[in-house]
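Undergrad: Residues per chain, in single letters:
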Amino acid sequence: MELGWLLLPLLACLILTGMHAWLGIHILSRGVIFVDLALAQIAALGAMTGILFGIEPGTTLSYVFALGFTLVGALVFSLTRFEKSKIPQEAIIGIVYAVAGALGIVVTAGTPDIHAVEKVRHILMGRSIVWVSGAVVLKTSLVYGGVALVHYLFRKPFLLVSTRPEEARERGMNLRFWDFLFYTTFGVVITSSVQIAGVLLVFCFLIVPAVFGAMWAEKISTRLFLGWGLGTLASMIGLLLSYELPSGPVIVVVFGGLLLSSGMVKLLLSGRRKAQITGGAGLIVGLSLLVLLFASRFHAAAESEENTGSRTGTAGEGVQGTPSHKAVPHEDLSLRHMERELLSSDSSRREKALEVLRAHPNPKLLPALHKALQREDDPDLRIHIAEEGMRMRDRAFVGEVVQLIGKTEMPFFREEAIHLLKRFVELPPELTRAEDLDASRLASWWKKAGKQLVWDPKKHRFASPGN
Amino acid sequence: MKDKARVSLLLAWAVLGLVGLGMGQQVPRPKLRVVATLPVLADLARQVGGDHVQVVSLGKGQEDPHYVTPTPSLMQAVRRADLFIEVGMSLEMWAVNVLDGAGNKRVRRESKGHVYASEGIPVLEVPVSMTRAKGDLHPNGNPHLWVDPVRLGLMARNIEKGMERVRPSEARWFQEGYVAFQKRLDLAIYGPELVKLLGGKVLNRLALSGKLQSFLKRKYKGKPLSARLGGFLKLAAPLRGRKILFYHQNWIYFSTRFGLEVRGFVEDKPGITPSASHKLKLMEQIKAEKIKVLGTATWNDDSVPNALARETGIQVVPLPAMVGATKDAPDSISMIRALITRLLNGYSKG
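As you go down the protein sequences, you meet chains A and B in turn. So that you can map any letter, position 139 of the first sequence is 139 in our numbering, and since no number is skipped, the others follow by simple counting. Basically our numbering = 1-based index in the second sequence + 1000.
Calculated directly from the structure, the hints in this document are not laboratory data. It cannot be assumed that every hint is accurate.
[Said to hold, decoys possible] Partial list, computed: chain B residues near chain A (C-beta under 10 Å):
{"id": "1", "residue": "1097"}
{"id": "2", "residue": "1100"}
{"id": "3", "residue": "1101"}
{"id": "4", "residue": "1116"}
{"id": "5", "residue": "1225"}
{"id": "6", "residue": "1226"}
[To be verified] BS3-like mimics (lysine-lysine), calculated; alpha carbons at most 27 Å apart, straight line:
{"id": "7", "chain 1": "A", "residue 1": "352", "chain 2": "B", "residue 2": "1217"}
{"id": "8", "chain 1": "B", "residue 1": "1201", "chain 2": "A", "residue 2": "422"}
{"id": "9", "chain 1": "A", "residue 1": "407", "chain 2": "B", "residue 2": "1183"}
[What the hints assert, rightly or not] Anything over 12 Å on all C-beta distances counts as not near chain B; from chain A, calculated:
{"id": "10", "residue": "28"}
{"id": "11", "residue": "34"}
{"id": "12", "residue": "71"}
{"id": "13", "residue": "216"}
{"id": "14", "residue": "226"}
{"id": "15", "residue": "265"}
{"id": "16", "residue": "266"}
{"id": "17", "residue": "275"}
{"id": "18", "residue": "343"}
{"id": "19", "residue": "395"}
{"id": "20", "residue": "460"}
Using N, Cα and C, we set each Cβ at its ideal position, and we do this for glycine too.
The shape of chain A in the complex, shown without the other chains (with noise of 0.2 Å):
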């Protein structure tokens, strides 16, 4: 197996641990678990909203659009951080998802263009991190460059203010401008990370290294390193195993079977027997669970968790009935326009040339009729063209039906030449004598009277005039 696939995605899932393994250590201390997918959706939202002004979604206005709402959003969970409340932060945190949600399916249910509504879903909600290019992990690391530096200058108060927000009170700082700043950069961070990631995959980078690293450490420090160790580990493996699989929810799960293999581990050096015995027992059951997941990787590709609940298509009340070729404008009789039309490339537009031909006959789209006969490889409207030649007058087109119907494989056109021949042309009694025109003689014919024919107009056919 080659691995040069794995580069860019793990790369990215790289940038995505360095960003959110600090990021949810506030997270996990303000206990704020499920804010990322409330911003998600949020930003999704936004986009959606966008729609609704004509924005194309994946344009840079339809990210400000999403970014946007997100600084609303920011502003609502740093507003709704109440000290010693009956109704903790999840709450607020749980109804802005859902009632974002709702109105993103509301605001664009009064939209035609479904389309661009998928895109938003594909773009804000489901990304896979297999799909991840290079000008994508270069966009976002700058985006990550940015919040992280200004997280590495305020690094101090950050801290504080997610940890001991009493303290901070009483130090005199102003809890919702902290707040306010550190919801901005996660929405900005958040909008990125979701776009190249996916949901459940942000979700995970971001709660399991800090929960792991709360699992081993105090310091805030040695959390943040044992969080990057996990998450470059979930990765790696995830991605190696995932090669026939769906890469996010695999690395997933493995960020899950790692973090349970951790809790039994500290359980075993608790010290405690019963707990030792969990603990052990536990490890065997997560192994086991992890070298089936190994051999599953051998079997065909399991179906996606990314790919629920889809479905969709196409929007459009349009016309229906009659196919809608670019088809030959009412009026535009030109010649040149006309020349081009009978020699396209497109049998349906030739067709309908021949049809306008016959409401409007022009003489002197005689020369471009014969070079479209040439190159018809349509035996129906090889007749059209003769019939429409021979209406116009044209001695030549009776020689063109001749040959045709000499020529003509499909037994059906060959009769249709015949009736068209016995339509246009006065034929001498010998040869229309017999149910079937004989080619050859008919042939003959025409070589030796072709020349004399001329049009009988009290007939409306050619003749000759000897007859």
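Given the structure of chain A, go ahead and fit chain B onto it with the hints provided.
TA: Chain B only, in chain A's frame:
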């Protein structure tokens, strides 16, 4: 002595034979690596390219074509591909991500190794006016072309051209593969008699311009041509003029081809679960118009159709809207047959 001579003669003969065999077998060229977004495109590519191509489909038959499950192995296939085929018309919106992510310059959009299978094919449901006054209708028309057998041939033609473009040395092979497939398709659609009398080219043109039915009223040897109709069109003749509901607007090409009268959709707006009022409206409509059949794609949510069936007795017919969606649709031609047969069964029960 004599024996020795005989043996050496035999040996020489054997060696010559082997050499001859070796010369007859050309050095095998590496197969053209084709990646298609959807199983139906993959099937067409296989039909055209035969054993000169190696085809991978990104989507699966049971999946909604608007979505696909990406795995690194699929990305790898795109990375190595010589030819990438998608329907286009904004159907596979994920395709651009795949192409960006794979970074394979040979198959990028607008490059030689990229095919839009829908190119140049007449489409339906193009918004009448391109001003966006009525909202943002999709400007390119309905992209679910492959449920029309006639358009399948056009798509195969586009794919053949793409193969020829990237492997001009094997142009003959691809052309022959296409011609053979088109022939099979023509026979399957119109039956042998009409194909012999009129040729597939004419029939397909007439079918696409909607003039086939009136054309077939013309007489040949005393009988109207329609009496000689065979294939899918004959099989589906009982469907002509029958009323039907569909779940989603992805059947327009099928219903136009076989003359089904589409009375409405379960989805009020594409992609959105119907509102209660829409459901009530549908129930009234089903009763008033005596609509017998509701066609759904296998991946559509079946809760609303089943509720409608319980309350009105309408037959819900799950249809393979993609090659590989059901067992009776392993390839594109049998997919069309399965669609017709399932609907016929639905009407005979309803």
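Undergrad: Using Cβ atoms only, decide whether residue 1097 of chain B comes closer than 10 Å to chain A, and label the hint accordingly.
TA: holds (4 Å)
Undergrad: Is it the case that residue 266 of chain A keeps its Cβ farther than 12 Å from each residue Cβ in chain B?
TA: Residue 266 of chain A clear of chain B: closest Cβ-Cβ about 33 Å, beyond 12 Å.
Undergrad: Can we confirm that no CB of chain B comes within 12 Å of the CB of residue 265 of chain A?
TA: holds (30 Å)
Undergrad: Can we confirm that no CB of chain B comes within 12 Å of the CB of residue 71 of chain A?
TA: The assertion about residue 71 of chain A holds, with a minimum of 26 Å to chain B.
Undergrad: Quick one, is the residue 1225 of chain B hint okay against chain A at 10 Å, beta carbons?
TA: holds (7 Å)
Undergrad: Find the nearest Cβ of chain B to the Cβ of residue 226 of chain A and say whether that gap is larger than 12 Å.
TA: holds (28 Å)
Undergrad: Beyond 12 Å from chain B, beta-carbon-wise, is residue 216 of chain A?
TA: Holds: least Cβ distance 31 Å, greater than 12 Å.
Undergrad: Regarding the pair residue 1201 of chain B and residue 422 of chain A, is the alpha-carbon distance no greater than 27 Å?
TA: Since the Cα atoms of residue 1201 of chain B and residue 422 of chain A sit roughly 26 Å apart, the hinted pair holds (cutoff 27 Å).
Undergrad: Just double-check residue 395 of chain A for me: nearest Cβ-Cβ distance to chain B has to come out over 12 Å.
TA: Holds, since 27 Å exceeds 12 Å.
Undergrad: Mind checking the CB of residue 1100 of chain B against every CB in chain A and telling me if the closest is under 10 Å?
TA: holds (4 Å)
Undergrad: Could you let me know if the closest chain B CB is still more than 12 Å away from the CB of residue 28 of chain A?
TA: Since the minimum Cβ distance to chain B is about 31 Å, residue 28 of chain A lies beyond 12 Å and the statement holds.
Undergrad: Run the C-beta distances from residue 275 of chain A to all of chain B and say if the shortest one exceeds 12 Å.
TA: holds (39 Å)
In this structure, the hints that do not hold are numbers 4, 6, in rising order.
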